[in-house]
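**Q** Next come the chains, spelled out residue by residue.
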Amino acid sequence: MSDYILSKDYFVKVIEDLITLVDQRKEYYTELDSQIGDGDHGINLEIGFREVNKNLDEWKKLNVRDFYNNVGKALLDKVGGSSGPLYGSFFMKFGLPIKSKGPDEGATFEEFIEMMDKGVAIIQKRGKSTKGEKTMLDTFIPALETLRSEYEAGTPGKEAMEKAVEAGKEGLEFTRNIVATKGRAMRLGERAIGHLDPGAASAAEFLEVFYKDMP
Amino acid sequence: MAKIGVVLVSHSELIATGLRDLVNEMNDGSVPVVAAGGADGGRIGTSAIKIQEAIESIEDCDHILIYADLGSSILSAETALDLVDEDLAEKCTMVDCPIVEGALAGVIMAAGSGDVETAIQASEEARGALKLQ
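Just so you know, the protein sequences line up as chains A and B, in that order.
Quick note: the first sequence uses this note's numbering, first residue 45, plus one each step.
Quick note: the second sequence uses this note's numbering, first residue 725, plus one each step.
No lab work stands behind these hints, which were simulated from the structure alone.
Some hints here could point you the wrong way.
[Unchecked claim] Keeping only pairs whose Cα atoms sit at most 20 Å apart, straight-line, the calculated SDA-like set for lysine to any residue is: (1) Lys98(A) <-> Gly838(B); (2) Lys117(A) <-> Gly766(B); (3) Lys169(A) <-> Gly766(B); (4) Lys226(A) <-> Glu810(B); (5) Lys117(A) <-> Gly765(B); (6) Lys162(A) <-> Asp806(B); (7) Lys117(A) <-> Glu825(B); (8) Lys169(A) <-> Thr817(B); (9) Lys169(A) <-> Gly765(B); (10) Lys172(A) <-> Thr817(B); (11) Lys162(A) <-> Thr817(B); (12) Lys117(A) <-> Ala813(B); (13) Lys226(A) <-> Ser781(B); (14) Lys117(A) <-> Lys815(B); (15) Lys172(A) <-> Asp793(B); (16) Lys172(A) <-> Ala813(B); (17) Lys172(A) <-> Leu794(B); (18) Lys172(A) <-> Gly795(B).
[Said to hold, decoys possible] Residues from chain A that face chain B, not an exhaustive set, calculated with beta carbons under 7 Å: (19) Lys52; (20) Leu120; (21) Asp121; (22) Lys122; (23) Gly124; (24) Gly125; (25) Ser126.
Quantities reported herein were computed from a predicted structural model and do not represent experimental measurements.
Glycine is no exception: its CB is placed at the ideal position from the N, C-alpha and C atoms.
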């Protein structure tokens, strides 16, 4: 299945759809965050993606690597909370494994897996965290592991991503049952149990966009 | 004497600029102090880009000490260190201490001694400083 190519248009559409998603879901993310955090996850993301939207027409002319670098930098600069450096670094690293240089070139599915890998790795490094700490990594790590193992076992690209999204959602549900050992929610101890992690929730919906936009 | 610079990172732009003004009261002018507080538009938060620019504005220093307040200020400062040139990042140290007392002690010692280890140690000693006895 190495001939499964994700086009430049795919990578641009993902960002366009993430802008729409964040705008539609900002109240939900903020509501989750107000239960166990400082209640700004949705509004912070919305401010970040609004900045991305403002520059989108200009950035679309760039190759995928530079396009995602600009998206990441805008989030680093504008978001404000922890999701700024985390998602910002994710998108900045996401474009790096892509080997094609032209402004109209996309990526192979193998490259896409490496892109996800680089993005998730920087979140782990930045947050000095792994799964089981009630963070976005509880979504990202199982999703990435599933994406890789399914694809290596011969599952076609889009189907492998579908399974990855399901694994991410299971990881998200798992955050309901655990205490937080990272971020502001760690001060709540047992009181955090029963609540989804807002970062894990946005991450699960972000991954779903990556899946749904696949041809 | 080595030239030591300081970057102050807070969620609040006012805390960062206020702390800069406070530490400069004890600074003979030999230690450049740059405030990198708040998110874009004066909102509460931090910006890795703003911190990157603050570090780059004093890149002629031999050492740069970074003081950050809480949570995402640490994340954003570490992200900024990935964004600057490697040579510049190597000159930077994030100092683990209470930001007000630590930065004040660090600037006083940096100005007085020009020795970065002495300044860091003075800042770290502020971790256990008792005020009411």
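**Q** A separate judgement is required for each hint: does it hold in the structure or not?
**A** Checked hints:
no. : hint                    : result
1   : Lys98(A) <-> Gly838(B)  : 46 Å, violated
2   : Lys117(A) <-> Gly766(B) : 18 Å, holds
3   : Lys169(A) <-> Gly766(B) : 28 Å, violated
4   : Lys226(A) <-> Glu810(B) : 28 Å, violated
5   : Lys117(A) <-> Gly765(B) : 16 Å, holds
6   : Lys162(A) <-> Asp806(B) : 15 Å, holds
7   : Lys117(A) <-> Glu825(B) : 32 Å, violated
8   : Lys169(A) <-> Thr817(B) : 18 Å, holds
9   : Lys169(A) <-> Gly765(B) : 28 Å, violated
10  : Lys172(A) <-> Thr817(B) : 18 Å, holds
11  : Lys162(A) <-> Thr817(B) : 26 Å, violated
12  : Lys117(A) <-> Ala813(B) : 18 Å, holds
13  : Lys226(A) <-> Ser781(B) : 32 Å, violated
14  : Lys117(A) <-> Lys815(B) : 23 Å, violated
15  : Lys172(A) <-> Asp793(B) : 18 Å, holds
16  : Lys172(A) <-> Ala813(B) : 19 Å, holds
17  : Lys172(A) <-> Leu794(B) : 15 Å, holds
18  : Lys172(A) <-> Gly795(B) : 12 Å, holds
19  : Lys52                   : 26 Å, violated
20  : Leu120                  : 4 Å, holds
21  : Asp121                  : 4 Å, holds
22  : Lys122                  : 5 Å, holds
23  : Gly124                  : 2 Å, holds
24  : Gly125                  : 5 Å, holds
25  : Ser126                  : 4 Å, holds
Violated hints, listed in ascending order, are 1, 3, 4, 7, 9, 11, 13, 14, 19; each of the other numbered hints is respected by the structure.
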